[in-house]
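Asks: One letter stands for each residue in the lines below.
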Amino acid sequence: AQKVTQAQTEISVVEKEDVTLDCVYETRDTTYYLFWYKQPPSGELVFLIRRNSFDEQNEISGRYSWNFQKSTSSFNFTITASQVVDSAVYFCALSGGVSGGYQKVTFGTGTKLQVIP
Amino acid sequence: DGGITQSPKYLFRKEGQNVTLSCEQNLNHDAMYWYRQDPGQGLRLIYYSQIVNDFQKGDIAEGYSVSREKKESFPLTVTSAQKNPTAFYLCASSTGTASSYTFGSGTRLTVV
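Chains as they are written, first to last, in the numbering used here: chain A, 559 to 675; chain B, 1125 to 1236.
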């Protein structure tokens, strides 16, 4: 069985602060993929990043950065100099465990980020 | 622009009624999915389809039904057998396993 834990239910920060969203996962698969999605108030989830289990290189995209550590089974997401537009629910997801040709995706419960102006 | 269209945005259902949620995509994706989102529970998979005329049950399929007669369309019917249907329903599509999902904007279903 696979599991994704996002222990932070809600986080509030003041604009321009840095914030890190935690994601811890469990899987028995050696090959798997990790994702982050953003869900703004409009409701539609937006894909942010995908990382495969063989690539532990950290990634930076503008104000966003991701830290993947297999040793601690974590895939944390940091927003630098947060902005009000970053306010959303963020989901971490794990894809692995092929069964019947389908690679099951498990989502975490999400972290609601509020950036206060 | 390519994307996924879900309709309606809001839907109200009376007790004992079946309702159908629409999901259409023009991304030429083979795989489509239905998720249910409840507060504090993340997304739970209801049904998925990897190819036309084929679909599989997800983790919480009881009380729901789907069809996949066309590649572009994957409607979800919430039947009267679903005892707690009030939720936010999200449709998604992808090119296949391990690829990222494209989501629709969701349908919020309320039982009245």
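What the hints contain is simulated information worked out from the structure, not anything from laboratory work. Certain hints may be false.
These stretches of chain A come out as covered by chain B in the derived footprint (C-beta under 8 angstroms, 3 or more residues) [claimed, not checked]:
hint, stretch
1, 572-579
2, 589-603
Derived PhoX-like pairs: lysine-lysine, alpha-carbon spacing no greater than 25 angstroms straight-line [unchecked claim]:
hint, chain 1, residue 1, chain 2, residue 2
3, A, Lys670, B, Lys1133
4, A, Lys574, A, Lys628
5, A, Lys561, B, Lys1194
6, A, Lys662, A, Lys574
7, A, Lys574, A, Lys670
8, B, Lys1194, A, Lys662
9, B, Lys1194, B, Lys1181
10, B, Lys1181, A, Lys662
11, B, Lys1195, B, Lys1207
12, B, Lys1133, A, Lys596
13, A, Lys596, A, Lys574
14, A, Lys628, A, Lys596
15, A, Lys662, A, Lys628
16, B, Lys1181, B, Lys1207
17, B, Lys1194, B, Lys1138
18, A, Lys662, B, Lys1195
19, A, Lys596, A, Lys561
20, A, Lys628, A, Lys561
Yeah, the Cβ is synthetic: ideal placement off N, Cα and C, and Gly gets one too.
Asks: State for each hint whether it applies.
Replies: Results of checking the hints against the structure:
1. With a cut-off of 8 angstroms between beta carbons, the stretch 572-579 of chain A has 0 residues touching chain B; three or more are needed, and the interface restraint is violated.
2. Three residues within the 8 angstroms Cβ limit are the bar, and the stretch 589-603 of chain A against chain B gives 7, so the coverage statement holds.
3. Pair hint lysine 670 of chain A plus lysine 1133 of chain B holds up; C-alpha atoms about 22 angstroms apart against a cutoff of 25 angstroms.
4. Note on lysine 574 of chain A and lysine 628 of chain A: the hinted pairing is violated, with a Cα-Cα distance of about 30 angstroms set against a maximum of 25 angstroms.
5. A threshold of 25 angstroms between alpha carbons decides the hint, and for lysine 561 of chain A with lysine 1194 of chain B the separation of about 33 angstroms lies outside it, so the pair is violated.
6. A hinted pair counts as satisfied when its Cα atoms are at most 25 angstroms apart, and lysine 662 of chain A with lysine 574 of chain A does not qualify at roughly 37 angstroms.
7. This hinted pair checks out: lysine 574 of chain A and lysine 670 of chain A have alpha carbons roughly 17 angstroms apart, not beyond 25 angstroms.
8. For a cut-off of 25 angstroms, the pair hint linking lysine 1194 of chain B to lysine 662 of chain A stands: about 23 angstroms separates their Cα positions.
9. At roughly 18 angstroms between alpha-carbon atoms, lysine 1194 of chain B and lysine 1181 of chain B fall within 25 angstroms of each other, so this suggested pair holds.
10. A threshold of 25 angstroms between alpha carbons decides the hint, and for lysine 1181 of chain B with lysine 662 of chain A the separation of about 12 angstroms falls inside it, so the pair holds.
11. For the suggested pair lysine 1195 of chain B and lysine 1207 of chain B, the alpha carbons sit about 30 angstroms apart, so the restraint of at most 25 angstroms is broken.
12. In summary, the hint linking lysine 1133 of chain B to lysine 596 of chain A is supported, as the alpha carbons are separated by about 19 angstroms, within the 25 angstroms threshold.
13. For the hint linking lysine 596 of chain A to lysine 574 of chain A, the alpha-carbon distance of about 19 angstroms falls within 25 angstroms, and the restraint holds.
14. Using a Cα cut-off of 25 angstroms, the hinted pair lysine 628 of chain A and lysine 596 of chain A holds, with the two alpha carbons roughly 23 angstroms apart.
15. Proposed proximity of lysine 662 of chain A and lysine 628 of chain A is supported: the alpha carbons are some 20 angstroms apart, at most 25 angstroms.
16. For the proposed pair lysine 1181 of chain B and lysine 1207 of chain B, the alpha carbon gap of about 18 angstroms is at most 25 angstroms, so the pair holds.
17. With a C-alpha separation of about 29 angstroms, the suggested pairing of lysine 1194 of chain B with lysine 1138 of chain B is violated against the 25 angstroms cut-off.
18. For the hint linking lysine 662 of chain A to lysine 1195 of chain B, the alpha-carbon distance of about 21 angstroms falls within 25 angstroms, and the restraint holds.
19. Taken as a hint, the lysine 596 of chain A and lysine 561 of chain A pair is honoured in the structure, with Cα atoms around 19 angstroms apart against an allowance of 25 angstroms.
20. Our distance criterion of 25 angstroms between C-alpha atoms is met by lysine 628 of chain A and lysine 561 of chain A, whose separation comes to about 15 angstroms.
Consistency with the previously given hints fails for numbers 1, 4, 5, 6, 11 and 17, ordered from lowest to highest.
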